[in-house]
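4 protein chains.
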Amino acid sequence: MSDTESSIGSGQVADYIPDLVKADPKQFGFTIATVDGHVYSVGEAHTPFAIESISKVFALALVLSRKETPIWQRVGREPSGTPFNLLIELEAENGIPRNPYINPGAIVVADQLLHDTGNGLEALHALLRAETGAADLQVDSVTVESEEGAGDRNRAMAYLMASFGNMINPVHQALDHYFRQCSIAITCEQLAKAGLLVARDGLREDGSRLLHRADARQLVALMTTCGTYDAAGEFAYRIGLPCQSGVGGGILSIVPGKCSVVAWGPGLDAKGNSVAGAVALASFARTTGYSVF
Amino acid sequence: MSDTESSIGSGQVADYIPDLVKADPKQFGFTIATVDGHVYSVGEAHTPFAIESISKVFALALVLSRKETPIWQRVGREPSGTPFNLLIELEAENGIPRNPYINPGAIVVADQLLHDTGNGLEALHALLRAETGAADLQVDSVTVESEEGAGDRNRAMAYLMASFGNMINPVHQALDHYFRQCSIAITCEQLAKAGLLVARDGLREDGSRLLHRADARQLVALMTTCGTYDAAGEFAYRIGLPCQSGVGGGILSIVPGKCSVVAWGPGLDAKGNSVAGAVALASFARTTGYSVF
Amino acid sequence: MSDTESSIGSGQVADYIPDLVKADPKQFGFTIATVDGHVYSVGEAHTPFAIESISKVFALALVLSRKETPIWQRVGREPSGTPFNLLIELEAENGIPRNPYINPGAIVVADQLLHDTGNGLEALHALLRAETGAADLQVDSVTVESEEGAGDRNRAMAYLMASFGNMINPVHQALDHYFRQCSIAITCEQLAKAGLLVARDGLREDGSRLLHRADARQLVALMTTCGTYDAAGEFAYRIGLPCQSGVGGGILSIVPGKCSVVAWGPGLDAKGNSVAGAVALASFARTTGYSVF
Amino acid sequence: MSDTESSIGSGQVADYIPDLVKADPKQFGFTIATVDGHVYSVGEAHTPFAIESISKVFALALVLSRKETPIWQRVGREPSGTPFNLLIELEAENGIPRNPYINPGAIVVADQLLHDTGNGLEALHALLRAETGAADLQVDSVTVESEEGAGDRNRAMAYLMASFGNMINPVHQALDHYFRQCSIAITCEQLAKAGLLVARDGLREDGSRLLHRADARQLVALMTTCGTYDAAGEFAYRIGLPCQSGVGGGILSIVPGKCSVVAWGPGLDAKGNSVAGAVALASFARTTGYSVF
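Residue numbers (my numbering), protein chains in the order written: chain A, 1 to 293; chain B, 1001 to 1293; chain C, 2001 to 2293; chain D, 3001 to 3293.
Be a bit skeptical, because a hint or two may be false.
Said to hold, decoys possible - List of simulated lysine-lysine pairs, BS3-like, C-alpha gap at most 30 Å:
| # | chain 1 | residue 1 | chain 2 | residue 2 |
| --- | --- | --- | --- | --- |
| 1 | B | Lys1271 | C | Lys2271 |
| 2 | D | Lys3258 | A | Lys67 |
| 3 | A | Lys271 | A | Lys67 |
As the list claims (entries may be wrong) - Reference listing, derived: stretches of chain A covered by chain D, where coverage requires no fewer than 3 residues with Cβ under 8 Å from a Cβ of chain D:
| # | segment |
| --- | --- |
| 4 | 157-170 |
| 5 | 189-199 |
Unchecked claim - Every beta carbon over 10 Å from chain A, so not counted as near; a handful from chain D, in silico:
| # | residue |
| --- | --- |
| 6 | Ser3080 |
| 7 | Ile3088 |
| 8 | Glu3089 |
| 9 | Asn3099 |
| 10 | Ala3130 |
| 11 | Val3139 |
| 12 | Ala3185 |
| 13 | Leu3222 |
| 14 | Val3292 |
It is worth saying that the hints were derived from the structure and are not from the lab.
Ideal Cβ positions, reconstructed from N, Cα and C, are used throughout, including at glycine.
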């Protein structure tokens, strides 16, 4: 993994969320969790970081676990254009975001989860605690404050969706939930274990079924086409595995039926993806032959 | 005024703001107030209606009355495209609205007025009461509720501007002020008297100067190019006078150095301007020869 | 006119059209032509320059002179957003440009004129020659080449309109005409005389009527709201007269019923309007009291 | 393949290109070509149809086969927004299309191929003839006429790119090549054989190398994220194989290292993809277990 080693420390720590800028870009962690129960970790795999956009996968899983969810009437399943275009797209498409992994889509999913459960954050916590065995999983209150302080563009998109009738809860409540959901502190090992839910096609750690196979497969397909912001094409080419990235520096990758992998390094590239994490996952995909391509 | 008579009752009462839909489209009022003190009224010139966007002229007047106001760094002075394009324009132009009479521009002005005065609504009330002699001018609380209930798009634009650093006050406070400012109940006669402030090139009713002549002239130029939403071209052609229109059905028109005219009829055309009001003003402009063209 | 004098030589000569960049920015000409037949000129009022966008007024006049012209089904009458937004507006509004003075609108007018007359350029030449008495009015072939060389964005807009069915002639023919129309070489004095057509409410120099009064008035209203590109608001405020500007450095201004004024100086401001020309017209408007405001 | 059978005849034949509308929607063909030389066909696998957008893969392959091609400075590799947004994206991103499989991107590739080879169409023909063994592969002249007749939006995009300096050849020449490239008539069996070039990671039928493995992999990654227009997400989920679709009703799918598959049926869904073709490929992916997900 010499490529990975030399890339550790590269990139810029996210600075739009004040709390994240304090992270040490030289940190790095990596965990592979297999569907047959093995867990392999290197580096700082037990250091918690902000889950950020990777939470979107689990929030969507919970929403999809409800029978006859209306979520696909509220959000699309196609890749989106540039961040610059998000407001234009929302406007032109009547407040329906293009997919659940761009911010406005994830806000709609959070809004649905809040409506479905009454307490979306608790539901998400309960799921992550059960899958990881980590009873002490917490929202980082400093990250929440940072998210709230930097959240005006998310508020603009949420109110625009509300103006089209695509918000159920009051906007501030849905965003409150969304900001907290993004601020859950989690480690590589915990996140890789939680990802097994998807790798096992929807089966939970205790063997019960959370999702239909088709819905788990949808999560993975969406990660491939929409999981790495504006770099989905680059990731498809370089890594060839479905990935979901977060500005906390984590990347979750799924090899369906085989394993869940998490790489973490806080230094980000210009599109918001972990530099060291992407290099490590490319190396993993090449070495294992798990790459799709 | 037979054209005017036959147009009374035409158009649709604004329905996006629930309270306005209750207005009787057959109502009509018209007042001419001259700079030498005469006031001529016909019809229901003493029936209060919601001032709506016409308040933008007076809020801007108060902001411009401050020496060295930063307002022209925060908002432009050029016509805007379609309502469809407002969010795109804000995005492409870094949160600087194109002029103070489109909603995002008026929100910036309201934000500045709130900052300048501490209590923007009281400042506006004080101005309007003094110019009209109407001590009982009030915000209509039912209209406020309607504005708030229909305000999500305004919220989206305000938060987008905030994300670019172009809001001073918390967004909800600025909007609170803005919604109340739009909900002032006023009559044709009161509004025409208040408009004399502009017709007199910035002189108040008591002879003191509120605005420099150049700033009063700016108000009028902006009414010509931006005062009637997406119909500025049509108004320039049909009426040939600077007009500021509100979805309450009022239209304020200024003939600098001569008079201030208000026409009111709640039935609106597709672009949100009073049908009967526009016909009456066209008739007035033609008859008096005051039309610019 | 000391303001004007000190502004002569300011601004940048248009550089996107290679031929125009050769103009001497210190040149300046000014002509007032009155409806009762007087012509007053100062400076280089007999030096020809490229008419550019000012030709749009006369092309539209010819199109409007036809009974039952379909032109207002093909182009709107409202101000437009930024140049950045032109393609977005065309797309969102199904290939109907917002007004006849932005480039796509003028291309539609040129297309209609070509269709109406068979030889639009000859029709335009004939009109300008008759109104100015200048038998030798010519297209400058070097300017045509420059226009063609820099015309890809105009081609993009014309083909986009064609894709919506809003072009009658083959695009290359309509553009051929349009580029030539913009390349007519004309002097201040000639242009001011031609402008009298509009100042006289549609009457030609020989007393015959080319346009209905209402159509002449429409030309003037459109100049006010749309005649100076992205600076209509600034011109309304500073000058208060309807103006049509061209990147050749000319500005035509109309005082209906009184006179036609042309100022020319090749140095342009950032929005493409003549710096010295605008200063001279502001001075003229202030001195004569003809300003609308 | 009962799902496939019942879907044959569904959908609408492409009507924006007049020639395509004549196709019989009940036709259906399917071919699997394996890297070890087997070819399996069912249905009308020997009926030629218009290759349309599937040609983009082979044009890009030829461009990538040149050492140090500048193509990735001229076009991106990321998914795009809606067709509605294509012009906005081009404008906002300075004439650089987001990927080589949307039309403006494919026009840039065609322009590069024309520049690289002098005769791009002949180069493409030579490649396809060699890989398929079909010496008589031809451009369908009726399809060319149809493409040209419906090509105004492509022209608009090409001229917009030219205005940003992103076209090498005169626009009409590049488009001439592009329209012909899309009009090559090819059968399922021929196209599947040609696709082996990609399935073999860049090796030609004669064993020589056209592309580096990494470039072949790039072709496949791009098919996954961008190959099915505005339905990439839906295809990733339903089929889980990289696909390139054409409005002639063909879909090319690649299983790297294993096989190349072509399904053809002229009835299209709302997003322009073959209804029967997509059902057949979903069935193939499920049956073989080749689906990525």
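So, going through the hints one by one against the coordinates:
Of the supplied pair hints, the one linking B:Lys1271 and C:Lys2271 holds, its CA atoms being roughly 29 Å apart against a limit of 30 Å. Distance check on the hinted pair: D:Lys3258 and A:Lys67 sit about 38 Å apart at the alpha-carbon level, beyond 30 Å; violated. As the CA atoms of A:Lys271 and A:Lys67 are separated by approximately 36 Å, the hinted pair breaks the 30 Å bound. Counting residues of the segment 157-170 of chain A whose beta carbon lies closer than 8 Å to any beta carbon of chain D gives 0, which falls below the threshold of three, so the coverage claim is violated.
Coverage of a stretch by a chain is defined here by at least three residues with a beta carbon nearer than 8 Å to that chain's beta carbons; for the segment 189-199 of chain A and chain D the count is 0, and the condition is violated. Residue placement check: D:Ser3080 does not keep its beta carbon more than 10 Å from all beta carbons of chain A (closest about 6 Å). Not every Cβ of chain A is farther than 10 Å from the Cβ of D:Ile3088; the closest lies at roughly 7 Å, contradicting the non-interface assignment. With a closest Cβ-Cβ approach of about 6 Å to chain A, D:Glu3089 is found to fall inside the 10 Å limit, against its non-interface label.
With a least beta-carbon separation of about 6 Å from chain A, D:Asn3099 fails to lie farther than 10 Å from that chain, contradicting its non-interface assignment. Consistency note on D:Ala3130: stated as away from chain A, and its beta-carbon is indeed over 10 Å from all of that chain's, at 25 Å minimum. Residue-level check passed: D:Val3139 sits 30 Å from the nearest beta carbon of chain A, beyond 10 Å. Chain A leaves D:Ala3185 outside its interface by the beta-carbon criterion, the shortest separation being 30 Å against a cut-off of 10 Å.
The claim that D:Leu3222 is not at the interface with chain A is violated, since a C-beta of that chain comes within 10 Å of its own (minimum 7 Å). With a minimum CB-CB distance of about 5 Å to chain A, D:Val3292 fails to clear the 10 Å threshold, and the non-interface call is violated.
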